[in-house]
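Q: The hints should help you fit chain V onto chain A, whose structure is shown.
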Amino acid sequence: DAKTTQPPSMDCAEGRAANLPCNHSTISGNEYVYWYRQIHSQGPQYIIHGLKNNETNEMASLIITEDRKSSTLILPHATLRDTAVYYCIVRVANTGNQFYFGTGTSLTVIP
Amino acid sequence: AAGVIQSPRHLIKEKRETATLKCYPIPRHDTVYWYQQGPGQDPQFLISFYEKMQSDKGSIPDRFSAQQFSDYHSELNMSSLELGDSALYFCASSLGPADRGPNTGELFFGEGSRLTVL
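Keeping their order, the protein sequence lines are chains A and V. The numbering of the first sequence is my numbering, which starts it at 1 and goes up by one. The numbering of the second sequence is my numbering, which starts it at 1 and goes up by one.
For the record, the hints were derived by calculation from the structure and aren't laboratory data. Possibly wrong hints are sitting among the right ones.
To be clear about the criterion: a stretch of chain A counts as covered by chain V if any three or more of its residues have a C-beta under 8 Å from a C-beta of chain V, and this derived list gives those stretches [what the hints assert, rightly or not]:
(1) 40-51
(2) 99-111
Here are the simulated SDA-like cross-link-like pairs (lysine to any residue), alpha carbons at most 25 Å apart as the crow flies [to be verified]:
(3) V:Lys57 x A:Glu31
(4) A:Lys3 x V:Asp56
(5) V:Lys15 x V:Asn77
(6) A:Lys3 x V:Gly38
(7) A:Lys52 x A:Tyr100
(8) V:Lys57 x A:Ser28
(9) A:Lys3 x V:Pro61
(10) V:Lys22 x A:His40
(11) V:Lys13 x A:His40
(12) A:Lys3 x V:Ile60
(13) A:Lys69 x V:Asp42
(14) V:Lys57 x A:Thr26
(15) A:Lys3 x V:Asn77
Where a beta carbon is used, it is the ideal one built from N, C-alpha and C, also for glycine.
So that you can see chain A by itself, here it is in the shape it has in the complex:
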């Protein structure tokens, strides 16, 4: 599975949009981009995933570049409860293989 690169930390003002970037320049054609987050010592929580089209759900939006080498997770109106470590993961969907978490981005939402 392709590896990802994320900034180690970011801050965001409460109520503003949080834009979390991820580089995955070695992604292959059948690999999806998944985003998870982990709030302190809790189990990682699924946020969203996509293949090549932009995706939106009740939690976030996922913007994937046309060449698929990078993506951005957007939390449209960040709240204090969004403070967490955010992981970008690329993986072939139809396998029982591992999700490789990497180092993630520690997002701090500031009041």
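A: Leaving out everything else, chain V in the frame of chain A:
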């Protein structure tokens, strides 16, 4: 909705003792994954099972073993415990590749079992 259940939530052991962690996947999920997360570290993949067979293997020590049973629950057995085994252990479950379409594959995680080795 039912989630992934892990037990026990907390466990304290002495060095060289053994420990067993249990994971009950979401109903209908036939794939389970085990992760270890040390203090201040990212989750590290240990092992996964699909339909009771080992599917993938990560950085699982030889002192650890795991299996998936006929009801799809899984157990992680840890022997000769060391201080460095103190960590959060997460289990996750998903639908297996034969049971889902191409646009799925997300893992659902339990709340973890915290192992402390003294």
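Q: All the hints need checking, so say for each whether the structure fits it.
A: So, going through the hints one by one against the coordinates:
no.	hint	verdict
1	40-51	holds (count 8)
2	99-111	holds (count 6)
3	V:Lys57 x A:Glu31	holds (19 Å)
4	A:Lys3 x V:Asp56	holds (17 Å)
5	V:Lys15 x V:Asn77	holds (15 Å)
6	A:Lys3 x V:Gly38	holds (21 Å)
7	A:Lys52 x A:Tyr100	holds (20 Å)
8	V:Lys57 x A:Ser28	holds (22 Å)
9	A:Lys3 x V:Pro61	holds (23 Å)
10	V:Lys22 x A:His40	holds (22 Å)
11	V:Lys13 x A:His40	holds (23 Å)
12	A:Lys3 x V:Ile60	holds (20 Å)
13	A:Lys69 x V:Asp42	holds (23 Å)
14	V:Lys57 x A:Thr26	holds (22 Å)
15	A:Lys3 x V:Asn77	violated (30 Å)
Hint 15 from the list above is the single one not met by this structure.
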